[in-house]
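Enquirer: Could you put the whole structure together from the sequences, leaning on the hints where they help?
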Amino acid sequence: MLKNYLRLAIRNMWKNKVVSTTNILGLTIGISCSLLLLLYVKYERSFDKSITDREKIYFQVFEQLGNNARVVGLSGEEDYQDLKNNYSGIADVVKIRNNSYSIMPQGNENRKVSVDSWFSSANFFEFFGFPLIEGDPTTVLNDPSAIVLTESTARKLFGNANAMGKTVTIRVASFDKELVVKGIAQDVENTHIPFEAIIPWEMTDSRGRSIPHMWYQASLYTYIKLADGYPIDLIRQSRNAKIAEEDPEHADMYRFDYVPLTDMYLGTSHVQFMAFESGNINIVNTLLFIAITVLLVACINHVNLQTAKGSKRALEVGVRKVMGAHRKQLIYQFLGESVVVTTMAAALAVLVIDIVLPSFNQLSGKSFTTGSLIEVGLFPLLIIITLLTAFFSGVYPALVLSSFQPSRVLKISANANLKGTKARKVLIFFQFAISLFLIAVTAIAYQQTRYINSKELGFNKDQVLTFSISTKNLSGKLRAFQAELESNPGVLSTSASTDILGLGYTNNSGEFYPKSNPEQSIRTTLFGVDHDFLDTYQIEVIEGRNFDRTLSSDSMALIVNETFVSQLGGTNPLNEKVALFNAQNEGLPIIGVVKDFHFQKLHQEISPVAFRIAPWNIWNLSVLVDKERIAETLSFLETKWNEFEPEEAFTYSFVDQKFERFYESEMRLLKAITVFSVISIALTALGLFGMVTFVIERKTKEIGIRKVLGASVLQINSIIFREFLLLLIIAAAVASPLIIWAGQDWLSQFAYRVDFGIAPIFLAVLLTLVIISLTVGLQSIKAAQQDPVKSLRNE
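For the sequence shown, the working numbering gives the first residue as 510, with consecutive numbering after it.
Calculated directly from the structure, the hints in this document are not laboratory data.
Since this is a predicted model, take the numbers as computed values, not measurements.
Backbone N, C-alpha and C define an ideal beta-carbon position, used for all residues, glycine too.
Don't take every hint at face value.
Label-pair ranges, simulated between beta-carbon atoms [what the hints assert, rightly or not]:
(1) Val935 / Asn699: 40 to 46 angstroms
(2) Tyr763 / Pro703: 26 to 32 angstroms
(3) Gly598 / Arg988: 51 to 57 angstroms
(4) Phe1271 / Gly1078: 41 to 47 angstroms
(5) Glu1141 / Asn791: 40 to 46 angstroms
(6) Val935 / Leu1272: 24 to 30 angstroms
Expert: Listed below in structure tokens is the structure:
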């Protein structure tokens, strides 16, 4: 029986080559696209699955409420100690903080590599359960002079030699530190903590001082692991109750919260001052929606074409029923044909994926291989998709075709319209609605992206490059180095500072208190700069003056932005003094006001900013270069760098490149939506092509009669075209509210955004109309130009 069904399926496919090819091509595209997108979705959702007890682990964040509200990922040593010592419901606590250091085997500069290093309390490997190839997770970080390397990092440093017990030199700012390799960790992928080396929190400098304790006492990351069955709500309530008890006047301004570890990768994009790997849940959900949509469009094509050719197979059904075939047998036959078509399409889809995977990797920013389909468990999913696609795209045609009555179908023309017309129109309507939605959403995303790229940020980001000067040899020669650079005509200005633009944050921020109104506080981002910072970035001073190197008093003065002034109130800002971080501190005078500028993403509103001369921690140099001499100036900068700092490579980046990285996820989303929208539209056109072919076949006699009676090609074309045009109008009416809702919902994440109006909807309707016109018009014109005598003879 199965052999007979298979033979019939292949025979019918061969008999209807156009339909079969269209079906297989459409389903191949649909399945391959959906699998690629599901590969990305499953990869993004697989982060941190290797961490033990992940359901019990939470990350502490600090919510600052009121004006300029934000959520901060950093916590302090006091928080860590409190959580560690005072809550019975907490089984364990760990603190970590990251930095990138140059590490080399002792005495071997040639094998120096930059390593993503994390300081941690001694229980790091016990807490997270990251596997160690060598070393004891309970003691590996007990020695302050220890270091744990990942397997790949150890290989970079020591080749195939065993790294255990060997000494490495880590270059920390202006000094070197010798550490002994006490453990080798297995390389772990898909974790939000992308560590290459773990260093004990107790590591000391040459004076015996704990480096992490000095640098990160108020800016570390804290995780807690709950005891079995203990609810996180009790910890949250207890911590916030302590705030209310210790500082009742400001209890409504601050709040602790705890993010589940399972949400760390995809659920913390709103948290500031984070140094972890992170994804974008909006992109994941959008691509999941597109995966389902593309597959749905392909299935709709299959259903439409199968039911449309039903009248062609009506005689077959009638004869088989007369010969004793039961409806169940016919349903099995037609479902079997759908399974054959879908299985062939699935096999071809795997080949297509192998071919297009490099392009998809470039689009997604990942490094997938064909083996990734197995690693993330997509082959079982491929089987499920194949069977579900075969069932859902085959069950309706099977029910329709098997329901034909032999007494009726044996009496009428094979081209008669028997059943399924209304359902096919509904499915075509859905295809049009999906195409309109995807085209319009793509247009909205493009408008916002163009707005982001063209918006004036309030400073010069195109000609300023930055690089770190926190190195061993530059620390005592900075002024001489700057003087050398500024002697070149290609260097217009330099600025040595703690903070730079392009990172989206600074190293200091908090409450500022106007001395004229100590009860008021303004949450402010503080930039530690030098006297030339504003000139280098070409930030406009609109009131007062810039810092003056000849005035020693300017080292204790502030320059603020317009937003700070607006929140200050009606007082003249140049007559105001402001206390930093504590209302009882000495007030610093405001000497100037700069025009508002964007130092964060356009997702966030401009917040209050203050500039102060940095008394220490001068980590970065910004250089404004002449746009006409960029290449030669870069060569000059590298030469001077090598003179002053021969032990470190010269690495730099332009500020505009840093800002581009702010919107990498949006750019990738736009590209993905564009590519897969085009594919979905192509599938819709493919389905339309097949549908129009059958409509014309069914109307062959009518077209011939109309031509004999004098109808023109245009009139015949309009008869076929108006049916699809009506469906497009209905689809546009239904899709428009969804487009507006989706566009506004996506744009709501941006504080600064476009007003897209009706232009994207109009564009979507116009493009879909063009597609329909081309698809329907070419086929109907071809049919209308046929000899009516042949058409009527065929009937």
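Enquirer: Work down the list of hints and note, for each, if the structure agrees.
Expert: Each hint tested on the structure:
1. Val935 / Asn699: 40 to 46 angstroms: holds (42 angstroms)
2. Tyr763 / Pro703: 26 to 32 angstroms: holds (30 angstroms)
3. Gly598 / Arg988: 51 to 57 angstroms: holds (54 angstroms)
4. Phe1271 / Gly1078: 41 to 47 angstroms: Holds: the Cβ-Cβ distance is about 46 angstroms, inside 41 to 47 angstroms.
5. Glu1141 / Asn791: 40 to 46 angstroms: Once the Cβ atoms are compared, 43 angstroms apart, the range 40 to 46 angstroms for asparagine 791 and glutamate 1141 holds.
6. Val935 / Leu1272: 24 to 30 angstroms: Between valine 935 and leucine 1272, where Cβ atoms are some 25 angstroms apart, the hint holds.
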